[in-house]
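Colleague: Sequences listed follow chains A and B, in order. Counting from 1 along the first sequence, just add 6 to a position and that's the residue number in my numbering. Counting from 1 along the second sequence, just add 1 to a position and that's the residue number in my numbering.
Hints are supplied without guarantee of correctness; some may be wrong.
Computed list of lysine-lysine pairs in BS3-like fashion (alpha-carbon distance at most 25 Å, straight line) [claimed, not checked]: (1) A/Lys70 with B/Lys227; (2) B/Lys74 with B/Lys227; (3) B/Lys74 with A/Lys74; (4) B/Lys41 with B/Lys3; (5) A/Lys70 with B/Lys41.
Please keep in mind that the hints were generated in silico from the structure rather than gathered at the bench. Bear in mind the structure is a predicted one, so any value in this text is a computation, not a measurement.
Next come the chains, spelled out residue by residue.
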Amino acid sequence: MRARVFVTLKPSVFDPQGTTVTEALHTLGYGAVKDVRQGKYFELDIDARSSDEARRLASEAADKLLAKSVIESYRIEVTA
Amino acid sequence: MKFAVVVFPGSNCDHDAYHAATHVLRQDAELIWHKDTSLKGADAVILPGGFAHGDYLRTGAIARFSPIMQSVKAFAAAGGPLLGICNGFQILLEAGLLPGAMLRNRSLHFRCEHVHVRVEQTDTPFTAAAAPRQILRIPIAHGEGNYYAEPEVIERLERNRQVVFRYVTASGEETDAANPNGSIHNIAGITNDARNVVGLMPHPERACELAVGSADGLVMFQSVLKALTLAPATVSAAVGVLEK
Chain A
7 MRARVFVTLK
17 PSVFDPQGTT
27 VTEALHTLGY
37 GAVKDVRQGK
47 YFELDIDARS
57 SDEARRLASE
67 AADKLLAKSV
77 IESYRIEVTA
Chain B
2 MKFAVVVFPG
12 SNCDHDAYHA
22 ATHVLRQDAE
32 LIWHKDTSLK
42 GADAVILPGG
52 FAHGDYLRTG
62 AIARFSPIMQ
72 SVKAFAAAGG
82 PLLGICNGFQ
92 ILLEAGLLPG
102 AMLRNRSLHF
112 RCEHVHVRVE
122 QTDTPFTAAA
132 APRQILRIPI
142 AHGEGNYYAE
152 PEVIERLERN
162 RQVVFRYVTA
172 SGEETDAANP
182 NGSIHNIAGI
192 TNDARNVVGL
202 MPHPERACEL
212 AVGSADGLVM
222 FQSVLKALTL
232 APATVSAAVG
242 VLEK
């Protein structure tokens, strides 16, 4: 099973990197891009019998290590 | 007294802390590799600055799994004086020994310069020898020192007087311009509920002799000596826990 974990700063937390990327895109003429939030992406290759089990393990990994809950939230996608 | 300075792979201010403790303060100190499990009977523990484990994942995120951290946590739980400087502060946040997290500096720049901080609390083992509201001129060197915690946590830190250092101007004014990284409430350092664990982003160990531009940081090392003299029982209890 493969789990994809997307970690991003919570909406309430200021993202200076995302803001800088937004400004750079505006300089390139992409005024249509209103906002950018930068994050991290992890691919977990998991030995699990079901997608539910893989999702549960990935979620534990995100809670305990991949994301810092004070500032970050995460989203998980599981594929076979 | 004896300091333990923990050395992680990527620590780079370990020798500065060791130098301040031994050659300036004239006390014992021992560098302790992160894979060790004993703090070797130290009376105070320092997690130094640097880039432990290359700052992989997040600053301090991997260092909290180092074997020595179990002993560091037990030492802190028993009331032992524990100081985290810069990356050491980040490690304390990741290890859950202090609340909150670090964001990239508001400017996105790695800031390496002298700043002014005001000592907000003198009832911690690392500020006991400082005058109330004393202003220290000490250096910073970090890219991620923008302290953040949820509003209710900040409110609790302020109510419990757990903000130990704040970025200020040379004359002691708490302004936005004096804040080098965007930290909430100009926070430069905090302490835990029990007030024995202190973390700060500036580097007092790099400012202990006039030859390097400032000796204002020395008061933090002198504070430990003073605190241990006033309350030696607390610390011997902390050391005792580790010996068992």
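Colleague: Against the 25 Å threshold, does the CA-CA distance of B/Lys74 and B/Lys227 hold or violate the hint?
Modeller: With a Cα-Cα distance of about 23 Å, the restraint between B/Lys74 and B/Lys227 holds, given a limit of 25 Å.
Colleague: Would the hint linking B/Lys74 and A/Lys74 be met if the CA-CA limit is 25 Å?
Modeller: Within the cut-off at roughly 19 Å; holds.
Colleague: Taken at face value, is the distance from the CA of B/Lys3 to the CA of B/Lys41 at most 25 Å?
Modeller: It holds: about 9 Å lies between the C-alpha atoms, which stays within 25 Å.
Colleague: Can you confirm whether the C-alpha distance between A/Lys70 and B/Lys227 stays at or below 25 Å?
Modeller: Roughly 38 Å separates the two Cα atoms, so the pair is violated.
Colleague: Regarding the pair A/Lys70 and B/Lys41, is the alpha-carbon distance no greater than 25 Å?
Modeller: Violated - the C-alpha atoms of B/Lys41 and A/Lys70 are around 30 Å apart, more than 25 Å.
Checked against the numbered hints above, the structure breaks hints 1, 5 and satisfies the rest.
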